[in-house]
Amino acid sequence: MKTGILSVTTSVLTLLIASCATSVEEAGEQVQINVETPRDEAFVDALNGALPHLLDLVDAPGLNIAVARGGEVIFEGAYGYADVHEKRPMQVDTVFRSGSMGKVYTGVAIMQLVERGVISLDDPINKYLPFEVKNPHGGDEVTIYHLMTHSSGLYGDGAGSVLSTPRPLEDSLRAKYSVETQPLWGGIPTWSYKAGEGRSYSNIGIATLGLIVQRANPDGLSFSDFVELNIMQPLGMESTQYPPVQNKSEVRPEIWDRMSTGYNTTGDVWLETPIVYFEEFPAGGFVSIPRDHVKLFIALMNGGELDGVRILTPESVEQMLTVRGPSPHPGYPDGERGLIWFLLDWDEPGARTFSHGGGHMFGWRTMAMAWPDHDTAIVYAFNEYSSSHVKSYYNLINEFVGALLSAELPARTAPDLNDIENLAWKASYLRGLIFAEGYRYGIGVPEEIEISLARRIAAEAKFSGEPDRYSLPWDEQAFVQGVEDMNGVEGTAEAIHSFAHSEDMKVDLGEAKRIAAAMDTGVYSSLAGLLNTPE
Numbered sequence: 005m006k007t008g009i010l011s012v013t014t015s016v017l018t019l020l021i022a023s024c025a026t027s028v029e030e031a032g033e034q035v036q037i038n039v040e041t042p043r044d045e046a047f048v049d050a051l052n053g054a055l056p057h058l059l060d061l062v063d064a065p066g067l068n069i070a071v072a073r074g075g076e077v078i079f080e081g082a083y084g085y086a087d088v089h090e091k092r093p094m095q096v097d098t099v100f101r102s103g104s105m106g107k108v109y110t111g112v113a114i115m116q117l118v119e120r121g122v123i124s125l126d127d128p129i130n131k132y133l134p135f136e137v138k139n140p141h142g143g144d145e146v147t148i149y150h151l152m153t154h155s156s157g158l159y160g161d162g163a164g165s166v167l168s169t170p171r172p173l174e175d176s177l178r179a180k181y182s183v184e185t186q187p188l189w190g191g192i193p194t195w196s197y198k199a200g201e202g203r204s205y206s207n208i209g210i211a212t213l214g215l216i217v218q219r220a221n222p223d224g225l226s227f228s229d230f231v232e233l234n235i236m237q238p239l240g241m242e243s244t245q246y247p248p249v250q251n252k253s254e255v256r257p258e259i260w261d262r263m264s265t266g267y268n269t270t271g272d273v274w275l276e277t278p279i280v281y282f283e284e285f286p287a288g289g290f291v292s293i294p295r296d297h298v299k300l301f302i303a304l305m306n307g308g309e310l311d312g313v314r315i316l317t318p319e320s321v322e323q324m325l326t327v328r329g330p331s332p333h334p335g336y337p338d339g340e341r342g343l344i345w346f347l348l349d350w351d352e353p354g355a356r357t358f359s360h361g362g363g364h365m366f367g368w369r370t371m372a373m374a375w376p377d378h379d380t381a382i383v384y385a386f387n388e389y390s391s392s393h394v395k396s397y398y399n400l401i402n403e404f405v406g407a408l409l410s411a412e413l414p415a416r417t418a419p420d421l422n423d424i425e426n427l428a429w430k431a432s433y434l435r436g437l438i439f440a441e442g443y444r445y446g447i448g449v450p451e452e453i454e455i456s457l458a459r460r461i462a463a464e465a466k467f468s469g470e471p472d473r474y475s476l477p478w479d480e481q482a483f484v485q486g487v488e489d490m491n492g493v494e495g496t497a498e499a500i501h502s503f504a505h506s507e508d509m510k511v512d513l514g515e516a517k518r519i520a521a522a523m524d525t526g527v528y529s530s531l532a533g534l535l536n537t538p539e
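Using my numbering, the letters of the sequence shown map in sequence onto residues 5 to 539.
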C-alpha cells in the first residue's frame, strides 16, 4: 500500500513541478448563457466576470459551474484546467467526483420510500439491517429519523476511504459498527452520545440509510440502481451516475472519459491525488456535471417536480426543508439542519438557503446551494482539495452570489393587463402618485412638488433598459396628473388610504392593485403598501 502511494506521488511530482507555475488564465474559459431578461443578464455578467478572479484567489486548477433560475439553466461556466499536465481546459461538461453532495440523493431516496409506505422515518434502523446496531450510550433505539438529522449519536469518520478496491457496503458497515473507534484523525469514537441528545455529522449514518434503501425497496434494486432509476434518470441527468465504485469498470464510458483530474495542493504545487474510494459511498460517491446536479434543485424549488416529472410530493419537500432535530453536539458545530439538508437563515425571507457541499478526498471540492425566494440555484466544482490548506472554496462564491441576489430588484413578470383600458395613462398616473408620496409621506417634506418640475421630470424620464414585454407603457401627462393629485393629499397614512378609496384617485383601486403588482413599489410609500395588499 505504501509503495503504491509513493509511486503515484513520485510520478506526479515529475509531471507537475514544471507546470505548477502555469497561470490558470492561460486555459481560457468556456461560457454558455441562456438569459431573456436584463435582470438575469446583469446577474450572469457579474458572476462570469468575477469567477476567473475567484479561482485565482483560491489557487485551484479549475472550476465549472451551472446556475438555474426560473426553472431553467441560464448559465454554465468553466475556467482553468481539468488537467494541468496535459493542459486540458475545464469544460462545462467536465465530470466531477461529488463527495458529500451525494448525501442528498440518499435522503431523497429515503423520502421516496416513505411516500410509498415502505418505510417510516420513525422506524428503528435495525428493522431493515442484516446486523444489529446498538448505541453504547443507551437511550432510545436509533431510528431512520435520527440518521436523517445526524442525531443518532454516531460521530464522524472518513467515509470509509481506501486506495484499493472497496468492500461491499454491507461488509464495510458491519465492520464500522463492530469497533469502538474509527481511524480518522488518529482515532475517534464511533459513538459519542445518546440518540437524539445532539447532532454530529456522520458518514456512517448516511451510508446506513443507503443500505436501508438497498434492502427495503420492493424492487430489489441496489442502492445505485434505485437512485439512478428513481431520481437521476427521471430528471434527465445524462452525465450523472452513482456507482458503488468510482472506477473505469463501474462508470459509463461517456462519463468516465470526461472526468477531471483531482489535485491536492501542497504550498504552490498542484499534486495529482491518488484515487480514493469510499466504502460508504451512499454518503458521497456520485459523478456528475453542474448542469445535471442543479436539476435536483430546480425540482425541489418547484415542489418536487421538473418538466412534468415528479420525484417527491410537495409535502415531502417541505419535510426535508424544515429546521428540525437537536442542536449540534458541543464541539461539533453543524448549523441549521433539515432532513439531510443544511439550512441557512431559514427564518429570513429573501436570505434563506438550502445546500449541501462535498469533498472527494483529496481532489475535488463541490457545492450546491439554492435561494428559493429568488428561484436561484448554483452548483460548482473545484478539481482541488488541499489536505494542508484551509481554503475558502465555498464562501467566495456563495457570498458573492448571495450579495448579487440581495442587490437585485424583484423579479419582473409580464403583466396580464390587456383588459385594462388606457393602461399607459393609469400606470403612469400611479407612478406619479407614488413618486410624489415618497417625498410627502416617506421623508416628510412639507412642500408640494412644483408642477413645472414634474413636467420636466416626466419629459426627461427614460426606461432603465430597453422597453420589453415586462415594461408598463409611459404617459407624461398622466404622471404629472398623479403628482398634482398627491400634492393635495395630507402626508399621513390615514389621508392617503382615504384618498385611495375615494373617487379622487383617478384609477379604480382594484385595477390599481393589479397594475402595482407589475411595478417595483417601494418601502417609502403607504400607498404602495395598500396596493400590494390583497383584497
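Keep in mind the hints are simulated off the structure, nothing from the lab. One or more hints might be untrue.
Stated by the list, open to error - What follows is a set of in silico ranges between Cβ atoms, one per label pair, in the way DEER data are often shown:
#1 Pro477 - Glu258: 48 to 56 Å
#2 Asp63 - Glu454: 52 to 60 Å
#3 Pro42 - Arg314: 44 to 52 Å
To be verified - Keeping only pairs whose Cα atoms sit at most 20 Å apart, straight-line, the calculated SDA-like set for lysine to any residue is:
#4 Lys466 - Asp423
#5 Lys466 - Glu480
#6 Lys180 - Gly224
#7 Lys517 - Lys466
#8 Lys138 - Thr153
#9 Lys466 - Leu476
#10 Lys466 - Pro450
#11 Lys131 - Ala54
#12 Lys510 - Phe467
#13 Lys466 - Asn130
#14 Lys517 - Asp423
#15 Lys466 - Glu452
#16 Lys180 - Asp60
#17 Lys510 - Lys395
#18 Lys138 - Ala54
#19 Lys517 - Lys395
#20 Lys131 - Pro193
#21 Lys395 - Leu61
#22 Lys180 - Gly142
#23 Lys180 - Gly160
#24 Lys395 - Ser410
#25 Lys131 - Leu225
#26 Lys395 - Gly121
#27 Lys198 - Thr185
#28 Lys395 - Asp60
#29 Lys395 - Arg356
#30 Lys131 - Gly162
#31 Lys138 - Gly121
#32 Lys252 - Asp489
#33 Lys517 - Glu507
#34 Lys131 - Ser168
#35 Lys510 - Leu534
#36 Lys510 - Lys466
#37 Lys180 - Ser168
#38 Lys138 - Ser168
#39 Lys131 - Gly143
Quantities reported herein were computed from a predicted structural model and do not represent experimental measurements. Just so you know, even glycine gets a beta-carbon here, dropped at the ideal spot from N, CA and C.
Going through the hints against the structure:
no. : hint                        : verdict
1   : Pro477 - Glu258: 48 to 56 Å : holds (51 Å)
2   : Asp63 - Glu454: 52 to 60 Å  : holds (59 Å)
3   : Pro42 - Arg314: 44 to 52 Å  : violated (33 Å)
4   : Lys466 - Asp423             : violated (26 Å)
5   : Lys466 - Glu480             : holds (11 Å)
6   : Lys180 - Gly224             : violated (24 Å)
7   : Lys517 - Lys466             : violated (24 Å)
8   : Lys138 - Thr153             : holds (18 Å)
9   : Lys466 - Leu476             : holds (12 Å)
10  : Lys466 - Pro450             : violated (28 Å)
11  : Lys131 - Ala54              : violated (51 Å)
12  : Lys510 - Phe467             : violated (24 Å)
13  : Lys466 - Asn130             : violated (68 Å)
14  : Lys517 - Asp423             : holds (14 Å)
15  : Lys466 - Glu452             : violated (23 Å)
16  : Lys180 - Asp60              : violated (40 Å)
17  : Lys510 - Lys395             : violated (60 Å)
18  : Lys138 - Ala54              : violated (50 Å)
19  : Lys517 - Lys395             : violated (49 Å)
20  : Lys131 - Pro193             : violated (25 Å)
21  : Lys395 - Leu61              : holds (9 Å)
22  : Lys180 - Gly142             : holds (18 Å)
23  : Lys180 - Gly160             : holds (11 Å)
24  : Lys395 - Ser410             : violated (25 Å)
25  : Lys131 - Leu225             : holds (18 Å)
26  : Lys395 - Gly121             : violated (43 Å)
27  : Lys198 - Thr185             : holds (16 Å)
28  : Lys395 - Asp60              : holds (12 Å)
29  : Lys395 - Arg356             : violated (24 Å)
30  : Lys131 - Gly162             : violated (26 Å)
31  : Lys138 - Gly121             : violated (25 Å)
32  : Lys252 - Asp489             : violated (74 Å)
33  : Lys517 - Glu507             : holds (15 Å)
34  : Lys131 - Ser168             : violated (32 Å)
35  : Lys510 - Leu534             : holds (16 Å)
36  : Lys510 - Lys466             : violated (24 Å)
37  : Lys180 - Ser168             : holds (17 Å)
38  : Lys138 - Ser168             : violated (29 Å)
39  : Lys131 - Gly143             : holds (17 Å)
Of the numbered hints stated above, those contradicted by the structure are hints 3, 4, 6, 7, 10, 11, 12, 13, 15, 16, 17, 18, 19, 20, 24, 26, 29, 30, 31, 32, 34, 36, 38, listed in ascending order.
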